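Trainee: Protein chains in written order, with my numbering: chain R, 4 to 616; chain P, 4 to 616.
Simulated from the structure, these hints should not be mistaken for lab results.
Computed from a predicted structure; not experimentally measured.
Backbone N, C-alpha and C fix where the C-beta goes; we use that ideal spot for every residue, glycine too.
A couple of the hints might just be wrong.
[Stated by the list, open to error] Derived list of chain R stretches under chain P, where covered just means 3 residues or more per stretch with a C-beta under 8 Å from a C-beta of chain P: (1) 159-166; (2) 308-314; (3) 404-418; (4) 449-455.
2 protein chains.
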Amino acid sequence: MATVEIEFLPQSRFVEADQGADLLQVARASRIDIESSCNGTGTCGKCLVQQTEGEVSPPHPDEIQLISREDLSQGVRLACRQKVSERAAFRVLFGSERKHRILSDGLMPKFELNPKIRKLHVQLDKPSLHDAVDDVSRLERALEIRFSERIPLAILQQLPGLLRAEEFAATVILSGQDIIGLEAGNTADLSYGIAVDIGTTTMVVSLVNLATGDELASSTMINPQKTYGLDVFTRIQHAQNAGGLEELSLKVREAIDALIGDVCLEAAVNREYVYEVAVSGNSTMMHLFLGVDPSSLGRAPYSCGFSLGVTLPARELGITIASFGEVYCLPSVSAFVGADIVAGIISTELLHKDERALFIDIGTNGEIAFSSKGKIFACSCAAGPALEGMNISCGMRAADGAIEKVVINPNVELHTIGNAPAIGLCGSGVIDAVAELLQAGVIASSGRFVTLEPGAKQPWADRLRTESGSPTFILASGTGSNSTIGITQKDVRQVQLAKGAIHSGILVLLRSLGVDLSEIDRVYLAGAFGCHVRMESMARIGLLAEELLDRVTLVGNSSKSGAIVCLLSQVKRAEAMRIVQGVEYVELSCYPDFDRLFARCLAFPNSSAEHTA
Amino acid sequence: MATVEIEFLPQSRFVEADQGADLLQVARASRIDIESSCNGTGTCGKCLVQQTEGEVSPPHPDEIQLISREDLSQGVRLACRQKVSERAAFRVLFGSERKHRILSDGLMPKFELNPKIRKLHVQLDKPSLHDAVDDVSRLERALEIRFSERIPLAILQQLPGLLRAEEFAATVILSGQDIIGLEAGNTADLSYGIAVDIGTTTMVVSLVNLATGDELASSTMINPQKTYGLDVFTRIQHAQNAGGLEELSLKVREAIDALIGDVCLEAAVNREYVYEVAVSGNSTMMHLFLGVDPSSLGRAPYSCGFSLGVTLPARELGITIASFGEVYCLPSVSAFVGADIVAGIISTELLHKDERALFIDIGTNGEIAFSSKGKIFACSCAAGPALEGMNISCGMRAADGAIEKVVINPNVELHTIGNAPAIGLCGSGVIDAVAELLQAGVIASSGRFVTLEPGAKQPWADRLRTESGSPTFILASGTGSNSTIGITQKDVRQVQLAKGAIHSGILVLLRSLGVDLSEIDRVYLAGAFGCHVRMESMARIGLLAEELLDRVTLVGNSSKSGAIVCLLSQVKRAEAMRIVQGVEYVELSCYPDFDRLFARCLAFPNSSAEHTA
């Protein structure tokens, strides 16, 4: 087979490669370090290279999905999707140069470090004729613990030899009151856990030191299930196909396993010292992760296969940590109020605060929890993906070139992620645009675009056009497939549906309990959403009442924070179970006249501009 | 390859077989039913065939070990050790024709049926919008049980589909409060367990109906570890060799698995409906079964790796029952007071009886337990294998041709197992012979053979000879390698050592507690030993004081009975743990002046004959 020379930059390493070979494989074979969480399956978007010499190939569909248009035009590609054809040079782009914006941090509550996994180095008395008690009981005596009858076979087999080789000392790994592992020598300080948030769109994995409580490293990637549908319902549908459930489950488990590899590499931690993985996510994600048929989540009466917290052997799930390591799945309340919301309630300490608080997590489904005097009520509303920039004519996810901020003052000012030429609008851009259009009087509170008199004087007048028979407000001329970037009447309707769903959800929840908006002490806003959207814009479109704005706390990725809290505190973990059992789920569709309320909530608040218009 | 014709009788089936082929394989390939618990490894001795045509091959060492000389001479062979060479005919000898005598029955106490494994067919409420609780919690609610957090992954995966396919009904398999399995339809009546007694020499497996408590079938075989040594100490030594422990463990697990196949076949029970295996045996056997290094059992201070009862997944031990089935190992007290003794204490209800009782299990080690007012004391004495017919010049195990009964009246009358020509002496024969020699005045209470005057008139006088410089009493002319069968001075010494060890053990135990023999209400005699030895002979050699004879109850294989009791009663199983924690182990070597007491116990009781001699 013919070989050609490939140069890797910045090292300027020259490598002979077979024509037709996979570039990622070529790099790996030559020990050139290229990140790839998905192991070359074209889903993680980490193995970015920029071709600096030779003819750049047309982008692969996976590359179009994962790389911004600007980067594509500059020769950025996925190493795993490049085939060697002729002499070429590639610059390896490292993690810091990746541009996807996934929220991986979250607010952490204060609590005492009391992890379920404990490592103890113990010295036992040596046996004598007067104290010939067996090794297991001797260990129990030293630990002052009585083990369960279901002690692992590996421990029975390991213990006698290990004790006698180590002068009757050993390092013991306990999970609660159960012994799960044994190690020679004193390795008590080497105790790690992993927190996982499986989002429908993105996944976040964090490495946590169980002995100190420190978060050591974090890594994120696009949920590889995305190939099978953007929202939970299409994934539930795919799971009904032959082999579909196994496929979805395997994808997410492999992704978690790869991300664990990433964070352990980054923090220089041997993954054999990782003993527990705490997993949070919405109910569909949790079902798919465990390979449990989610079909009942997708149709009335929307019941889960399981919802209470479960602990499973990591090895049964193909997750390679310590051979006896465990996976803990956080509990969930219902099909729509998942472990991610329970994690949020834990990380915001909603149950403990002496205040009336709302917890709002806006995604394709909006979940809302309300706490009052130690009691929690929750509901879920079908917001749709508009607020995430999906189902919008020029929508895109938060990546380079996405318009994330819009100001009409009265000229149109835009801000894009990475200051790149505008390609489309991400969620925060959509909300900002609609808010500004309302403020400027381009849209009425009904959601309709205004009809301008011919020769209207507004500086933006020429931007309001009719395209394909529908009013459209042009924000920018685009690059690539969107020749212009704008907001259409249909886009505004999508935003109305989303904000109406959430707004009505909040109202029903509060009205069911006889609570007025003014009585709310605090609003916790979870997720990437809250961190990137301007508060004023949220208020302007009526997603959040204006009077609540000064009471908002952004909590970030509270699903991940809650998983970390559960790793580090048995008390908080027990609390998660109590939360689940105590949460009262309010079924919106059962609220009298819900449809009318929802219809009313579709309208935007009156804006000052409209009054004067 | 050349083929020859093989005829199988009694069916008279003619089969074409390749020269050099294994006869057992040939039979199996032609669906001719030949039992083989060990799957052709030459250890179970079940695949007996008798060659009726063609030249009989010289016996293989395994055949010499497992088949009596008489049978060997009549062409009986193991099918698994025969290679096809020329035209031949073989008669398949079925189970009933096997001649090994292994005690498989034991005394059973009365108790309420309350097995740890329960199968319940439950009907759940169907989910509705007003009751959308998850499937697992729904099942918990129907069963009025809260499952452990460690619910098996397979159940999470199976439950949603099974419930929806079966109108929300299911058969649930519970182990205590834990759910371990699910089955479609109503299979609640199909619930089976296996009780196993792993003896150093023989193994017994019983199939038990957990729903009714009935014992359905039982099967036995020689412990295949026997190849690696007859007693526990040589096996402990073998376990120190590279791969030795794994080898010993695998052998016994495979044997149990094969025996389970036998009993399930016999009772026409699908082994997927077997959910639990309860295993009893001495401490070394339990360690080897689980693959736990037994070396600490073989040297001071004689401590166990484990002793409390443990429950393990059957599949981890290579035991093929229900995929989620469990193996329960009965608890033991110490290195020498094993689970077999705990099982005996349970099956004799020693703890509950309002009497002072001795429990004696005589084997290579003699174990003695004494109960008084709910408290149990135990000791172990190194009897050696003489009472089992081992380490005796013409000793053999209980099989066809073994002298099991001796009467000198004054002529010598012998009885052999199977009424076959005498080949040697089994344990009961040895004891009988020594007892009769004492009674007849051939042996003095010191154990020495008498010296006869020349021309002595006793009818047996010509049987007392000097062979290889040592006095020997000839019982019979033998067949095969033993040209004569007799008892030598050394044999008598071995018996003295054994009975001295047990006698002194009983005395120390009673003296430690200030109890006199006359205060003993009952003596439970366990094992094959008690069932085959004449009580009077035991008394005559001083193994058991004469005054106790009328208080003896033979309890048979109480190790197996105890395992069955543990399968059927959670109450009794909990009791086993209490027994273990309550038993006080009396270390004989710590008793003051034990050596002198032991020396005194070597002497036989004075016999009437000796007084008149």
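Trainee: Please count how many residues of the region 449-455 of chain R have a CB within 8 Å of a CB from chain P and say whether that reaches 3.
Mentor: violated (count 0)
Trainee: Between the region 404-418 of chain R and chain P, see if three or more residues pass the 8 Å beta-carbon test, and mark the coverage as holds or violated.
Mentor: Since three or more residues must qualify, the claim that chain P covers the region 404-418 of chain R is violated, with 0 doing so at under 8 Å.
Trainee: Residue count check for the region 308-314 of chain R against chain P: does it reach three with CB-CB under 8 Å?
Mentor: Holds, because 7 residues of the region 308-314 of chain R bring their Cβ atoms closer than 8 Å to Cβ atoms of chain P.
Trainee: Can you take a look at whether the region 159-166 of chain R is actually covered by chain P? Rule is 3+ residues, C-beta closer than 8 Å.
Mentor: It holds: at least three residues are needed, and the region 159-166 of chain R offers 5 whose Cβ sits within less than 8 Å of chain P.
Consistency with the previously given hints fails for numbers 3, 4, ordered from lowest to highest.
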